[in-house]
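Work out the full structure: start from the sequences and follow the hints.
Chains as they are written, first to last, in our numbering: chain A, 291 to 611; chain B, 2 to 431; chain C, 42 to 324.
It is possible that part of the hints are untrue.
To be verified - Under the rule of at most 20 Å between Cα atoms (straight-line distance), these lysine to aspartate or glutamate pairs were calculated in the EDC-like manner:
#, chain 1, residue 1, chain 2, residue 2
1, B, K426, A, E382
2, B, K324, A, D369
3, B, K410, A, E388
4, B, K257, A, D467
5, C, K263, B, D51
6, B, K196, C, D84
7, B, K113, A, E388
Unchecked claim - Partial list, derived from the structure: chain B residues whose beta carbon lies under 8 Å from chain A:
#, residue
8, T92
9, E131
10, E262
Just so you know, these hints were derived from the structure itself, not from any lab.
Beta carbons: idealized from backbone N, C-alpha and C, even for Gly.
Residues per chain, in single letters:
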Amino acid sequence: MPAESSHRRASGLRRTVATTPAPGGRRRSRIESALGRNPAGLLLSAPYALFVAAVFIYPIGLGVWISFHDFFFTAPGVDVPQPFVGLANYAEVLSNPEIRASFVHVAVFLVINVPLTLVLSLLLATALNNVIHWRGFLRVSYYVPYVTASVAMVTVWMFMFNSGGIVNQILGPLAPDPAWLVNRTWAMPSIALYVTWKQLGFFILLFLAALQNVPKELHEAAAMDGASRWQAYRAVTLPAVRPATTLVVLLAIITGANLFTEPYLLTGGGGPNGASTTPVFLLYQQGIQQGNPDIASAIGVLLVIGVLIITYVSRKLTERD
Amino acid sequence: MKRSIIILIAALATASMLAACGGGGGSSPQASDKQAAKGPITIWYSNNPDEVKWGKQVVATWNADHPDEKVTGQEIPAGRTSEEVIGAAITAGNTPDLIYNTAAAAVPQFQKQGGLVDLSTFPDGAKYIESRTGDAASQYASAEGDYYQLPWKSNPVMVFYNKAIMRKAGIDPENPPMATYEEFLATARAIVKSKAAKYAIYPSPSSEFYQSWFDFYPLYAAESGGKQLVEDGASTFTDKAGTSVAELWRTIYAEKLAGNEPYTGDAFADGTTGMALAGPWAIASYGKMDWGVAPVPTSAGMKPEETYTFADSKNVGMYSSSKNQGTAWEFLKFSTSPKQDGALLETTGQMPLRADLTKAYPDYFAKHPAYSMFAEQANRTVEVPNVANSVEVWQTFRDAWTGAVIFGKGDIAGALNDAAASIDKLVSQK
Amino acid sequence: MSNMQPTPRRRRILSMTLLMLGALVFLFPFYYMIIGALQAKRDPSLSGAIPWPSNLTLSNFLDINDAINLGRSLLNSGIFTGVVVVCTILFGVMAGYALATLHFRGRGLLFAVVLLLQAVPFQLLMVPLYVLLVRGFGLGDTYVGMILPFAINSVAVLIFRQFFLQVPKEMFDAARIDGAGEFRILWSIAVPLVRPAILTAALVTFIGPWNEFLWPFLITKKQSMQPLAVAVANFTQTGAAFHANAMGSILAGSAVLAVPAVVLFIVFQRHFTETHSATGVKG
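Pasting the structure below:
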């Protein structure tokens, strides 16, 4: 029987210092109480833990500290006042209409991208699971966008979607004017379409793996009970891939909220009057281009908090039904 | 789980405290000691092939005579991100002694970071700069009148036109009428209507902060008779000059005389557009095209000798991480001497920011009459204002521009006024 | 095969047709990129999607090789990505195994941190990291500096952990009762078992550094050290001025960047998908 379900369920973590008797009923030594039953685990995970501490904890800590001060990066040895300003940066971020707009853009993106990704990846994974001929070719085709760099793909995409490009030529009079990526209404949906296409392969992979793990017996039982294909799908397959569904939704939300590369490359500068900016894009602009790392850090912290809230909510939702 | 969260928060808090304490510290040697120090130095220059050629030559020439003060040159990718690279290098303390690719718009920020050396503190600093560049030097000084950059070279923006396309459109290729806005629009419409080219002119419509330097700013400099975007702490562009420039461009975009999407490559070199706003650096990419050059248009038409434009200058900064500032200053003067400025002109075709260029290098301009137009124009250029938050200022302007002018949303006066209000606020911050 | 009812022939044909159509749509931009890279003159019209022999040339590749040394950049990409993959597998398997099967103090904390990391955007960390690595450790313009922030991929750690969670505990407990030390268990039992997951993790880890363009750009100045993704990004952004067919050269560079990743994927996809069942998320 499976030991633990989805590894995203933090509530499934065991407490680190247990007082249950060790196997064989030995009394716990003091080392074991202090370091846990298998102290070798500390050694094994040490390199990774050190890496995480150096590469992430320190910069995040610095970022959080910066967000509470009036701060900018200076040359070494230059002393400038860096007064503590409490929540002033956060207030400025929340009251800035352009930054608020970027959060709205990300919301638009998520609303388009997450359901689309979920439905398409599940459908395609199911179909790919059942296909017999051409399986290799089909699977590779759906993964190719995921494996290719955005840096490589955006030029093609922009070429295809500009006003004289192939997509508009096919659409003829239906083509929007201004063209997709410079159009206020269509810029963010165009980016959402691009990112969905590009990431789908990864999510198809996750679902494929989950589908292949559904025990045959369940399907056979449903078939024997006379269930139709759709009923069998709903009653057997969907619940069985629930953990994968949760994971897909979570990862799609997190990558969507942190969207940077695609707006940066596809609409360099953030689109017409900032029509396709995202919080991370503005973080980059403020922090690195304009030399305001304090505002940038405030955006970053708010974003992380927002993402954590959304993922918490979405987990509760997907795990209840 | 709860314990984990508490421990995690404690760790983050500790890390942030440590991080805060980590910065700064250490006493730096006296400025005057550094200024006297001599020794090997490093310089960076852009990776434009012609500039690399010049750079290698000037380094080799200096090294031959100064074996104890060797200069090492390195090219850096010059792109829209080169300012970001320099800013990060300042923070890390690994900037070279001199960077021959410092954009004027970034200097206020670098100065704020403490990354630049005040050249005016050298005994002959201000004198050298002002005698080489003349009156225009004042545009490159800080608010207090100090020089944190040495104005090095400019690429005055003028209107290039493709003579073949003009011919096809039925316009006189030697003297196309484009001195007034009316004439300019008529020429533009003729080009597009006759299908000689898909567009009449095609500045980049994307939203990076510096794009306005190649559509709005040159025309505004001309129309306003040499005003900067911000003067004396207040935005200037809400005046009649700024508004008429904005309205001209709005007409151009509305009639589809210019494209509103980013173009990959060079639209003028590809023949997609009949005219382009560029400086002499672009000549190398036009190959065999038969091109002509004219000053930018103004609403009522001005004599070419009175028309201003944008300087598009690249300057030299001396960075505070430099230990051998004595050598750096001597090398800086050497590389901007009349001889080396002449070499720059010959090798790259870009205009050294030296007063009265045509008089200084008569032979060159006799041999290259096309460039003499740029040299003449170089006497009347406007640079970006040296103000706080300069990058954010230009980004604010660009955002208003793309909305109101390129995509015609809302009214121009309103957009310009809103931008001016935000910009005034940004400029007043320290 | 998970579906046991025989699917009617009509449904299968419909499903196959739709899949094929979808596959073609998915592949089209990639195909268009290759065609564009091979074209002598840029052609945005519909007919430009067909590889007319008269318009084909390899000159775009030569062109971009003049501007950026493709070979050298590929080498840098290879070094960067290769070291990251090796480090990830080495330390990731250890960490994943420890997180899944061993009980030690700090296990929960480490796991929570791994999850938290996913939510933090890298751009927030970039400048502090840069200052730390360059000012603190002097690693500017070095491969180590380039590799360090990416050294161990956290998603791979999660994949390994998930994998080990599905291995029956009895296998390890039996060995422990026999008196084997932890490291021996890891080496003789865990590692041979985890081979299928290694492939998955390697492929997932490969994509990150191979396609990364912001960080290496910041940390290196010398063009000779930059990986191909950075070189192509720079080339694209400077508008590829001075080049006859700018679009073609950019697409050529993009193709050189994309093709190795796709080829690797094709070669390993068989193992990737069929044995991925062992690493999948269980119900």
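(message) If you test the structure against every hint from before, which numbers come out violated?
(response) Checked against the structure, the hints that fail are numbers 7, 9, while the rest are satisfied.
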